[in-house]
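Line by line, the protein sequences give chains A and B.
According to UniProt numbering, the first sequence is numbered sequentially starting from 1.
According to UniProt numbering, the second sequence is numbered sequentially starting from 1.
Keep in mind the hints are simulated off the structure, nothing from the lab.
Wrong hints could be hidden among the right ones.
Treat identical chains as interchangeable: a pair holds within one or across any two.
Stated by the list, open to error - Straight-line alpha carbon distances no greater than 20 Å define the calculated EDC-like cross-link-like pairs of lysine to aspartate or glutamate that follow:
1. Lys-200 with Glu-122
2. Lys-131 with Glu-211
3. Lys-76 with Asp-197
4. Lys-84 with Glu-271
5. Lys-335 with Glu-92
6. Lys-154 with Asp-2
7. Lys-269 with Glu-135
Owing to the predicted nature of the structure, the values given are computational and were not obtained by experimental measurement.
There are 2 protein chains.
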Amino acid sequence: MDLQLPKSEYPRVVIIGGGFGGIELAKRLKNKPFQVVMLDKHNYHTFQPLLYQVATGGLEPDSIAFPLRKIFRAQKNFIFRVTKVTDVLASENALLTDIGKINYDYLVIATGSTSNFFGNKEIEENSMPMKSIPEALDLRSMILQNFEKSLIEKDADKKSALLNFVVVGGGPTGVETAGAIAELKRHVVPNDYPELDLNKVHIYLIENSPELLGVMSVQAQTKAKDFLVEMGVNVMNSTRVLGYDGHTLTLQDKPIILTSSVIWSAGVKGEVIPGLDLAEIVRGGRLKTDQQNLIVGYPNIYAIGDVAAIITEATPNGHPGVAPAAIQQGNLLAKNLVNLVSNKPLENFKYFDKGSMATVGRNKAVVDIGKIRFQGVFAWFTWMFVHLMTLVGFRNKIIVFINWVWSYFSYDRGARLIIRTFAKDRSIDYQTDDVASVKEVKTL
Amino acid sequence: MDLQLPKSEYPRVVIIGGGFGGIELAKRLKNKPFQVVMLDKHNYHTFQPLLYQVATGGLEPDSIAFPLRKIFRAQKNFIFRVTKVTDVLASENALLTDIGKINYDYLVIATGSTSNFFGNKEIEENSMPMKSIPEALDLRSMILQNFEKSLIEKDADKKSALLNFVVVGGGPTGVETAGAIAELKRHVVPNDYPELDLNKVHIYLIENSPELLGVMSVQAQTKAKDFLVEMGVNVMNSTRVLGYDGHTLTLQDKPIILTSSVIWSAGVKGEVIPGLDLAEIVRGGRLKTDQQNLIVGYPNIYAIGDVAAIITEATPNGHPGVAPAAIQQGNLLAKNLVNLVSNKPLENFKYFDKGSMATVGRNKAVVDIGKIRFQGVFAWFTWMFVHLMTLVGFRNKIIVFINWVWSYFSYDRGARLIIRTFAKDRSIDYQTDDVASVKEVKTL
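Extracted from the complex, chain A is given alone in its bound form:
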């Protein structure tokens, strides 16, 4: 069944995904001769760089998300639908979705990335990813629930597992999450759980390669590790995770770790829509595009952001999966689409590297901007400033700012409600709400 959309005299650009790339593209097409249709499975944009703060009780989910409809309030050529795309019918220039069939003139895949478990089903089943708001909320609930459960657990092994928190993956997300849990342990747990022996709470950060923050300078890598160690995190580099059954984490050539909490930030892969030619998927599950983000082999299907890989000699694996790359690609694609319909020459993508940064904890961050590298308090303020400025929405900026100021002076983290969105059953074995009344659970 065809989905009825408002009619337009202009060609239709369908954008799948309201992340950084999709939003930039749609904005830049304002007042241009296109009908812009955005599809997303959520009704909001997620500011992914701050998800770990939601997961660790520092921020409310509403303050790092933004209703997509609101971003485009004043844009007349913009249409939004909450839906999940199930198939691309490239030969018909159409998409299948759970609300009907949608035709396009130009299709842009801006679906971002999802957690990569590298085919290990057991780890996928038992560990907690952190790529969306519901996942971050579940993680927050799990961490807090494990503290609650540790108080009533009599079995020593099980108790120890509840208090061992393992973060797998030493990229920015892993480093930031491990640091945030270390701060929870230091500033929140002693007050909230005076009965608990703090010496039994352990935080591990496990990374396959010999260094943390692979993409950053050696200086940043070393300092970040120093910060983490100083904060009490057990950093284990050159360590490979073999399996995790929900209770025992198995490592290569190292002793096992008993743990109820494995947070998986070891890798991402492009979130590819079914129906495209799989031959064009390269390393990291990304769609191979030319330098104008056109997917190789299709005349009118583009990919931008994390799901796209512009393969050139200089970028054999594509560009980094970060917000600035997505935004720059969205921006350029808008220009190129306008040029295309006005028969002007198209431009190739040039990535402007804005640098990279990661925060480890209070007054502790590392920043690389080109040749400029700094760490510590000033880096921390830089990190906060950049994230506040990038956050969508004035209200969100204020609320996040106040939460940060408040946390800075109180050493506290305010958002500690245990509210499950959806959960893997392992993480709760005592049941405290009227779930009997739930007939079927669905998450939008």
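Start from chain A and add chain B according to the hints.
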């Protein structure tokens, strides 16, 4: 299996429920010769008077809830456990819970109230209550989802049902919710859903009795109704709801209403724990107590707040189920317990009526304080001030204040994320998240 709790030389007071009454009681027992054990199925206190603002996108859940452990950080004789009480074994002075058996010397039931469907299973199954944070979040998601779904619905009846919002019950919660939805319709929907015909969005407030806000002055009742009508709400007094199958709302002597959204605020009943003598349950499902909140027939089991009814000639149905009554009873019970163990005479409860108020919308509220009655802008500011002051936690006060100031100037409501906690299946029929990965869903 007995739950192990820290040992104490003092008698143990077990409080079931971290609402207004339970918190007040526990606080007042600080540094007194008791061990205080609080049990709650959530790890947070819910500020119920503002739940409707969470349900209508005005506030984030985290800003009207407060971690219970944090309230009692500095209280050495306080122990908290997240659990659900399943039975009272009065003859053994013990409770059964889902984490084990707990003994008490004094038991205080402060479980509050739950939605009362007056035995109508069909309505219970299909309507949305709003007594907890997960329920308020589900309601928020349902309202927003129904707008999204209305855009793609082709069947005229179904479309009309999606855009008819019915609030049942004309007490403060019903009035406030209907008013908030009217403001959503007026200020948010036109911007977010430019494709939608606003004339098709209808809001109904249905009340059994001839007036709204039964407990308030005639002046307040009349003015509240005027405000609602002015804001476009169809107020239907003297109207009895007979049934609701999820699509058709049946009324006595009136035409049916097609609606996908029925919000149930027509009544509450005490949330009674199994195991107590049911003979002592009075009207509204409340536990009958003497004037010192001792449940009739038990030597050491008390009830305070919404779940309690102090039956005297002056109060044949007990006191109003409002925060001040619960707080005052908690306060007095603390004194009386201290007096009891020091063999001093006990005091009877005297209710100090602080007045009542309800907000209908921007600049529109009604306030009764004794003989003083006022309505409009000043009442609205009074309402906001009182609620801000009563809200637990400094950070919450600031965040709520900023949200209100921001909404006042922007006419917007910031928290519009669709995140389901648990859902009745009727409310979503298109599925947009990876629920396939959910093995079992539990809500804490």
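Cross-check of the supplied hints:
1. Lys-200 with Glu-122: neither (27 Å within a copy, 50 Å between copies)
2. Lys-131 with Glu-211: So Lys-131 and Glu-211 fail the 20 Å test inside a copy (23 Å) and across (50 Å) alike.
3. Lys-76 with Asp-197: between (59 Å within a copy, 16 Å between copies)
4. Lys-84 with Glu-271: Answer is within; shortest intra-copy Cα gap is 12 Å, inter-copy 40 Å.
5. Lys-335 with Glu-92: neither (25 Å within a copy, 77 Å between copies)
6. Lys-154 with Asp-2: Cα proximity of Lys-154 and Asp-2: across copies only (11 Å, versus 58 Å in one copy).
7. Lys-269 with Glu-135: Within one copy only: 17 Å inside a chain, 35 Å across chains, cut-off 20 Å.
Violation of the numbered hints given earlier is confined to hints 1, 2, 5; the remaining hints are satisfied by the structure.
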